[in-house]
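*Asks:* Listed here are the chains, written in short residue letters.
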Amino acid sequence: MMDFLAKALIIGLTEQAPLILAAIGMALIYFLSKVINVAFAETITLGAYFGMWANTTFGVNVYASMIAAAILAGLLSVATYLLVFRPAHLRNVGMVEVIIISLGLSVFLRHALQFVFGYSARFFDVPPAERVSVLGVGVTTFQITAVALVIALALGLYFFIQRTNYGQQVRALASDESLAKVSGINPLVVTLMIWFIAGMAGGLAGTFWGVAANVQPDLGWDRFLLILLVVLVGGAWGIRGVIIAGLGTGVLLSGLKLEIPPLRAEILLLVAFIVILKLRGDRSSETAKV
Amino acid sequence: MSESASITETARPAIHLQGVQKSFEGRMVVDVDDLTLGTNPIEGLIGPNGAGKTTLMRLIMHSIKLDSGTVSFSDPATPNGSVVLSKTAEHRIVRLGVVKTNQVIQDFPNLTIWDSLLLAAAEARNEQPDRIYSERRVIEEYGDEIQQYLDYFTFENPNGFANSAGEKKLLDTIRCLLLNPKVLLLDEPTAGLPEDLTERVMELIRQKAAEGMSVVIVEHDLTVIWGLSDIVHFMAEGSVILQGDPASIREHETVVEKYLGSGHVGG
Amino acid sequence: MGGILDFLFGSPAFLIFGAYTVVMVVGLGLLLHLQLGLAGIGNFGVVGFWGLGLYAFGVLTVRYDLTFFLALLGATAIAGAAGIVMGWVVSNLDVDGVLGATLSFAAIVFLLTDSERDLTGGRIGLGTIDFPFDVGNRTDLAWLAILVVIVGALMYYVRRVHRAPYGRLLIATGFNEPLAQSLGKPTFRTKMILFAWTSAAMGLIGALYASFVHFLFPTQVTVGITIAVIVALVLGGQQRTWGALVGALLTIALFDIVIQLYVPLPRTVFQQAFPVAKQMIFGLLLIVLLLYRPLGILGRMRRENYVRGVTHE
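In order, the protein sequences belong to chains A, B and C. Mapped onto the numbering used here, the consecutive letters of the first sequence carry residue numbers 1 to 290. Mapped onto the numbering used here, the consecutive letters of the second sequence carry residue numbers 1 to 267. Mapped onto the numbering used here, the consecutive letters of the third sequence carry residue numbers 1 to 313.
Treat each hint with caution, since some may be false.
[Claimed, not checked] Calculated lysine-lysine pairs in the DSS-like style (CA-CA distance at most 25 angstroms, straight line): (1) A/K181 to A/K34; (2) A/K278 to B/K65; (3) B/K87 to A/K278.
Just so you know, these hints were derived from the structure itself, not from any lab.
Kindly produce the complete structure, drawing on both the sequences and the hints.
*Replies:* Here's what the structure looks like:
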């Protein structure tokens, strides 16, 4: 039993570290700008494409392409904020409408990229990663890198948000925008920073998935629902909650797939998601005006 | 430290609050040990800002949840005894006959004045998915009554939308009246209204109270309170600390100190 | 191109298919208009209920040999049952919760078409589902006519709803739910029941599609349908009865029929680049519309035109 748990934990963590990265990215945007950005899936996808492009065009190794992917995805994220989400915020677009807008952006990016990168799957040009045994489970060094990155990002974000000046501004802006502005915080700078970091996290996640399998237009979209699950379930407890939820989801999914057919495992997970959402209830009605 | 109410007619529908407490972010906003509302035709509820008057009304309507205590509604007309409002959904509370207007102006975007009032008046049986020809019936039943209200209050564009804060306030009040409540909670119904309309609202309230409706009215415009109320409850810092007829309340030291200033002393 | 009859009866299959798709999207759009445009329910899982009806009909017909009407009834009931459950789930959730729940539901339906491949045939497909009657090689046209009648009736119903107390209740629920509750309206129950019967109707439309395409594949049950419906409704006007129709004509009719018929592009372009470009444009449309003209072409609902006070009789 303990052996099974340990196995599931290791497999879950190493297979799903990118999921946790992606969830952190999406959660940053969700907490600060209060939007579910469906097009974040495409930030992930394009991160993979950028990494693959750097790798195959310039022949750089996978770690260098990860850096390229992170930076370019971060810039893309900032661009989408400036061109789409900021105008939406300034025009007081309603919540459902913003989600539909982000869905539109997702569809747009997912298809526009095909004119640049082609319709069929692309591949990273990297040598197969070395395998290492951790507690009896075979993991690749690349996967270990992913886990290391998750830990680094989580710790880095914790220190940034809780212990630095800028972090304080982020917290102030997230909790009460008008009050923050009055206190002299420049919401644009803070917001751009967070969207950039979120984009980087997404781009890195995309690269990991792209290396592990292949790079195709639906890379991010296929995983979007899972990432949304982690963000909404863990989101009540901040970034910490998202990380734990991501870990839990990863372990649960991997564990389930060991026992039951993978499609049914996914269905079961989605049913659990619906149940949890129902239990979560209505988060928006805390202030009654009637 | 409460002076007992002195006017009671035949038994009226009444709201009983017992041990009701509500806190927001650690601060106790309402703390009412034992209060009964509705035994008199018109009761006033006054107090400084932040005293908890609106919160109290919201707790009665169950649009926000109590931290502890009970709110119940007793209606001599129904044999079942009292209903625990604090365990009942808001829309059912309205169906039982307890209705509240809104302090902060609330309206339905896209709905015209007639829409708003027909909405309030229409019964559930006409609002079903298969009743797509029922509009005629609803207008036949309530059109005259609605038209009377519209004529009484002279809306600028009665066939269009309410276009000022004052009109929306009035609309709020008329909607609630169309529900034929047994107990009507009015939260600052004349705020922002010109003098003549305030008079009309007061006259309407008097009439409805005389017809058997119990009215509890929160107001900062004290001429309305003194002019209408049979008894007045004074609330401060979450509790009702004084009750009595308007004259005695106006002269009470604590009330003057905490709220009135010298303008209203001595009748 | 000759007379109307020639046009109709000499028309190639894809014209009928294109027209069928337009009418179908109008039907789904009318239902989404009730859910979202009036009652404020952000349902992102339209394809889930439509697809459930589609596959339920297919399974009941092919695997259980039910007659057409029994299978149709069964498929509609199954979609309706899912609608009751999902309606109960979403009717007191915030926008994020509704998104997550409805998207999950649609994904579950899609996964089921593959995971239960003993029933559904999985990726090999499910078929053959024939038309329940046969009028030679114009049967698909007859089927289109049937759908037009059904969607036409639905449009008439929606138009009446706007002029009925039920419509007012839905609008009040969608635009200020707490205020509606304070007037004694049972908003949770209203939304749940609305969701239930509109989902059943979506399932019915899906079930009819099964006979039209004869073969079912999981790839039919993907988010593309949901997006097509949302784009049509947003473009035409989500608050208006005619919104879905206007939007569907300007998107699907324009792209799938007019451009394919009249714009001379090489065949390879049609196979690959055109569908991709179409989706790109749909995505862009959603962004631009909701930023700069969120109420679409037809704009806001104009209830001041419906006022029939006592004095107006």
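*Asks:* If a hint holds in the structure, say so; if it does not, say that too.
*Replies:* Results for each hint:
no., hint, in the structure
1, A/K181 to A/K34, "holds (17 angstroms)"
2, A/K278 to B/K65, "holds (19 angstroms)"
3, B/K87 to A/K278, "holds (21 angstroms)"
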